[in-house]
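Engineer: Combine both chains into one complex, guided by the hints.
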Amino acid sequence: MVETGHFALVLAFALSLVQMLVPLVGARTGNQRLMAVGGPVTVTGFALTALSFAALASAYAGSDFSVASVWENSHSLQPMIYKITGTWGNHEGSMLLWVLILTFFGALVAVFGNNLPATLKANVLAVQGMIGAAFFLFILATSNPFTRLNPAPIEGRDLNPVLQDLGLAIHPPMLYLGYVGFSICFSFSVAALIEGRIDASWARWVRPWTLVAWMFLTGGIAMGSYWAYYELGWGGFWFWDPVENASFMPWLAGTALLHSAIVMEKRSALKIWTLLLAILTFSLSLLGTFLVRSGVLTSVHAFATDPARGVFILCILTLFIGGSLALFALRASRLTVGGLFHPISREGALVLNNLFLTTATATVLVGTLYPLALEALTGGKISVGAPFFDLTFGPLMLPLLAIVPFGPLLAWKRGDVIAASQRLMAAFALAIAAMLVTGLFIDGASVFAALGVGLAVWLVAGALTDLAVKSGVGSVAPAVMLRRFAGLPRSVFGTALAHLGLGLTMLGIVGTLCFGTEKILSMRPGETVELSGHTLRFEGLSPRKGPNFTEDRGRFLLISDGNEDGEITSAKRFYPVRQTVTTESGIRTLGLSQLYLSLGDENNDGSVVVRLWWKPLVTLIWGGGLVMMAGAAMSLLDRRLRVGAPARRRKPAAALASPT
Amino acid sequence: MTRKQKRMSVILAGLAFLAAATGLTFYALGQKASYFYMPADLAAASVPPGQRIRLGGLVEKGTIVRGQGATVAFSVTDEQKSVKVTYTGILPDLFREEQGVITEGAFGPDGVFVADSVLAKHDERYMPKEVADGLKAKGVWQESTN
Chain A
1 MVETGHFALV LAFALSLVQM LVPLVGARTG NQRLMAVGGP VTVTGFALTA
51 LSFAALASAY AGSDFSVASV WENSHSLQPM IYKITGTWGN HEGSMLLWVL
101 ILTFFGALVA VFGNNLPATL KANVLAVQGM IGAAFFLFIL ATSNPFTRLN
151 PAPIEGRDLN PVLQDLGLAI HPPMLYLGYV GFSICFSFSV AALIEGRIDA
201 SWARWVRPWT LVAWMFLTGG IAMGSYWAYY ELGWGGFWFW DPVENASFMP
251 WLAGTALLHS AIVMEKRSAL KIWTLLLAIL TFSLSLLGTF LVRSGVLTSV
301 HAFATDPARG VFILCILTLF IGGSLALFAL RASRLTVGGL FHPISREGAL
351 VLNNLFLTTA TATVLVGTLY PLALEALTGG KISVGAPFFD LTFGPLMLPL
401 LAIVPFGPLL AWKRGDVIAA SQRLMAAFAL AIAAMLVTGL FIDGASVFAA
451 LGVGLAVWLV AGALTDLAVK SGVGSVAPAV MLRRFAGLPR SVFGTALAHL
501 GLGLTMLGIV GTLCFGTEKI LSMRPGETVE LSGHTLRFEG LSPRKGPNFT
551 EDRGRFLLIS DGNEDGEITS AKRFYPVRQT VTTESGIRTL GLSQLYLSLG
601 DENNDGSVVV RLWWKPLVTL IWGGGLVMMA GAAMSLLDRR LRVGAPARRR
651 KPAAALASPT
Chain B
1001 MTRKQKRMSV ILAGLAFLAA ATGLTFYALG QKASYFYMPA DLAAASVPPG
1051 QRIRLGGLVE KGTIVRGQGA TVAFSVTDEQ KSVKVTYTGI LPDLFREEQG
1101 VITEGAFGPD GVFVADSVLA KHDERYMPKE VADGLKAKGV WQESTN
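Chains as they are written, first to last, in this note's numbering: chain A, 1 to 660; chain B, 1001 to 1146.
Quick caveat, the hints were computed from the structure, so don't treat them as lab data. Hints should not be assumed to be uniformly reliable.
Below 20 Å or equal to it, Euclidean Cα-Cα: the simulated EDC-like pairs (lysine to aspartate or glutamate) are [stated by the list, open to error]: (1) B:K1032 / A:E72; (2) A:K381 / B:D1133; (3) B:K1081 / B:E1097; (4) B:K1136 / B:D1116.
With the rest of the complex left out, here is chain B (with noise of 0.2 Å):
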């Protein structure tokens, strides 16, 4: 082989590598990356049942609640609208009334969210950047004093 097809070969290579990654980004981005709502958005958006979603916001005060073994329900809401939101396992260390909360899953078919992932504030200090941008925008944004 000369160096002129090896070169053209290599490049070749190159290429369909590319073709390949291109292909499998654009469908994985159109499948499996999920959008972010906060609850009044949700009207808007008419997401079907069964679509992955994260849904923010705030835990709405005196909605948590405790049933049987590791499920609990509360709601999430932007002052605006709220969401009923049921999760099975250990909520993070910083879940509590009226703080910051990213919940990620799908709508069943009673629309309630069913989440499979729930996100507090990391810190003391910070609020999840989402919710905090949402909660700026429809005007319902506190400086929090600490």
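Chain A on its own, in the form it takes in the complex (with noise of 0.2 Å):
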């Protein structure tokens, strides 16, 4: 079975290189023939991947040690479900996962892309192909998961404890779902300039495959984050790790792209900016793979440092940076320029959007980068912290949030401020209310606090506003406003859950950061800590045996209005294969907010170090991540962008029902 997979995924390297020529000859020459295989061979090379895939992962489950890679990070008493997720918990399954991701969304395209011109279809086919010849190429030259062992140890290393949680089923595959989703955009840019021309049907599918990109990244990230805040026992949902920096910056731009999409596709503007944005935010991609998976940065992530590895992913992104690029250099000024429009309009807004948040990217990007090029120049070795972002991301996103709610309230061509600002006065009452209510009535409330709470409520308010207007609420009557309620376009209620979840996650963020409470200290048995209104009781330390750890569980008891309510556990855990310790920390919600605890070490007198968190509002940090995604989600319903796409036998039927 694992020499099956291995041959599988040599199989499929061959295939991609098929895949990467025989269309683009055919696309050149118009010759139909060649375009035509352009297809079959990436469905195939799916299924080859697949089944690499699946054999590794049966390797996994079956704890095969013969196989180098299960053997350093699976052992036999782990649980089931780490076994299999322990397939991408190591650098050459997840890079496995990565191709078998980037070989799916090719698939998509070959399956479902029959209405595409002919050309382009083999063009997108092609680039598809060329960064899946790549990969495969990096993973069998320099990561190869099949490698065995001769002779087989009898037991493995254990997977790292850190990566046995539920948290490694979820965050990794939707992560790579966003961030290789993004590949299919830069795929069809690259067709774009190779073809010299974009047309109606180009701006049409870019658009859906980046809200599905932007969909799993958003998820992949807040899953992230969530994951830490609950494993790492530092109570922390976000640290500017250069790490977390390298999913946030594919993120920051995809949502620049989803937006400069919007006014491509209705307008046909942008054209040329939205191209650029395509391929850099899938650049930033591969930058972030190169981070993660190079070993220049020490982290979780970075499971083993070979400096071949890391000179090969830089080979890879040079390549595709550089190349598209020099495309794109070459070839931009032939497209054809789009709509005029004035600046205080629909797209005005959205090109002041896509100015925040390039230039937010950017300063993301050089807090990253700084600290390893300085080193790599001088030598010299500094940390580029929370607070540097505070001093830069901060300041270029706050306005950017303010004027959010205006966004979706202008007209397009040429909008008038004045209009939105009447229809935003609702919310704007409600933000100042919040502000004052925080600032007056809430101890120990900042300025800053107050004007965060502000901000969050107005985002909240705005996106609501925009519904509300849409559907003619105080205009019509209530019959109507209904009516016109349930016809609104899936993409406006998109584009409301969408910056609705912001300002939850703003909300929720506000709330931690200002509103949070934290008391350390040393506890004996049976006493008790006040922390924000809630009573622990410490009920002493019990040791338990797990599948593959031991552990001293803290029990503590929560006592709310004198009477008991419940028991909160944090443990510590040592697995004794790794000779590691973890610390599971016990966490209690409370309506929107939690109580988050976590245990240090014995002192020598018997006491125990104990770290709490009162982290109100904290779970809308996540939850706002979800409305985003289901905001996406929405939009990606509209029946817009189902014309003419994916689902080309509902077109008549589509087309008939559309009121444009």
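Structural biologist: Here it is, written out as structure tokens:
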């Protein structure tokens, strides 16, 4: 089975070479038969990669320690779920997951792209094939997951205990669906540059792919943040760690792309800019892969440091980013320039959004790469952390958030700021009220906290105002209003939900950072501690044995209003195979807030160090992410995107139903 | 507005954004980035009390003292010099004697380094990169056996 997987991987590499060359030549010479090769080859390549991945997963599930990667990252006593997720909890397996998702997206284009112009489809598949070929070669040459060991060890070395968590089942696949999903936008852009023209179907295709990738990337980042929050036991949800930034940069650029693609689709303006953004977004995804996988950074994500790998990915990076940008420089001037618009208009607002988001991306990029560059050039070692990003990213983000509610209320071509402001009066009043209530009635609220709460409420209320205005609240009879509300395009709901989610995340961040409380103390069994109105009694430590670990569980009794309100447990786990200790934090969700506690070391006198946090509204940080995902999903369901896009069969019906 | 004027205004706006971002970035890099030192580098560097730095090295054997409450004192060494560090909070799970560690904070007026965060290895197999490089440069690096 393992050799079958290895063989399938080699075959998939060979097919990716066919996929990158034959359709390209076909498109160049106008040969229909050569172009038609692209589809079946892409689908077969995906099937082979899936077979290869399944082979590796079954080696992991069956604890086949004759495979080096399984031996290094698995153990026979691990629960089955961690044996399977361990498949991608290491460098080799995660790269295989990367190409699996890449070929999956390629296959989707091959299967659903029948109504694309034949040359465009052929070129897109060819570019997908180039990316695939580079990464297949990378895996086979430097990170082969199927390398055998002889003699086979009897027992494995266990998966890194930090990764033995359900988060590993969700975070990497979702993040990769986002990261790699942008490869489709990239391929479409490069294909358009190869052809030297952008037509209507190009715009219609790029937006849904951007939405899909953005949706998964949002989920992947939110899930990664929550995982780090509960697993690492530091109670933080974002550390501005270079590895986090590596996923955040494509998200920021992707958000800009999502917005500029709207202008291109609706008004066929900003074509060249959108094309460039699509290239940049995937370039940042590749950069992220390089930062995380090359070992230039030390983090939980860098599984192993092998200089050959870093150099190889750097070559891939240079080739694709340099090549696509060179092509852009050569060809972009040939593309036609789009329609005119007034600076104060929906288009103008979206351009402003793009300016903010791309500069913000640039500051994150500088903050992430500068320490690496400085070390490479001068040997000096600096660390750029939260204080840097608070000072650079913050001032760029806050004004953007403040203008978000205006965008959807401005008309295309020529908008009216005064009319939009009048419609937003209620939302503005609500935001001011929230600000005053926070500032005046909540103890210890700083000016910054009040402003933050006001801004979050402004975003939420602004999103709701958009829906209210578009369904005619206050100007038409309730029955008509309901009918209009139900008849609004799904993309309008999508926009409103995404902006609402942003407001919720903002509220969660402000709540946690400005109103959170924290205590570090040492406790003996029977002692109680109070934090922000919650009383906890330490009941003592008790040992317990898990499948592949032993733990000391600290039990804490939550006492609310004098009554016992259940137990919160936090544990120190010891994994004997890797001689590693991990902390399992104890979390109790109360409404939207959480009580978080983390167990420290035992002192000589029998007391235990305990760190407690009260995190008001913290669940909104990730809840907002889920709402943003729902917004993207809603937008994807829009009729407009289905017309002429993936579902071809529905075209006549959809065209009839569509009011435009 | 003509197409040319429109384009100019977008470009000017873009330049204004870039200028603002560049200014902020330079200022923040000057003010907010913290440098990494090993104990022996400190004499030459003359770091004033209160300036945030990152201090890395090995946790010196026999120096970990748990005080009252959650405050811990220990020394960070590079086998040439060592520096006293105090930290209040929960130490990372992989914090132990003779292991690589990076602490972040500032020197107090009494010359004791007050750390507000302590990072140890993420994984049994690896040492923080800065510490490993620093020890190699000082010639006291030993390939660990695990």
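Engineer: Does each hint hold? Answer for all of them.
Structural biologist: Status of each hint after checking the structure:
no. : hint              : in the structure
1   : B:K1032 / A:E72   : 39 Å, violated
2   : A:K381 / B:D1133  : 11 Å, holds
3   : B:K1081 / B:E1097 : 16 Å, holds
4   : B:K1136 / B:D1116 : 27 Å, violated
Hint compliance for this structure: hints 1 and 4 are broken, all remaining hints hold.
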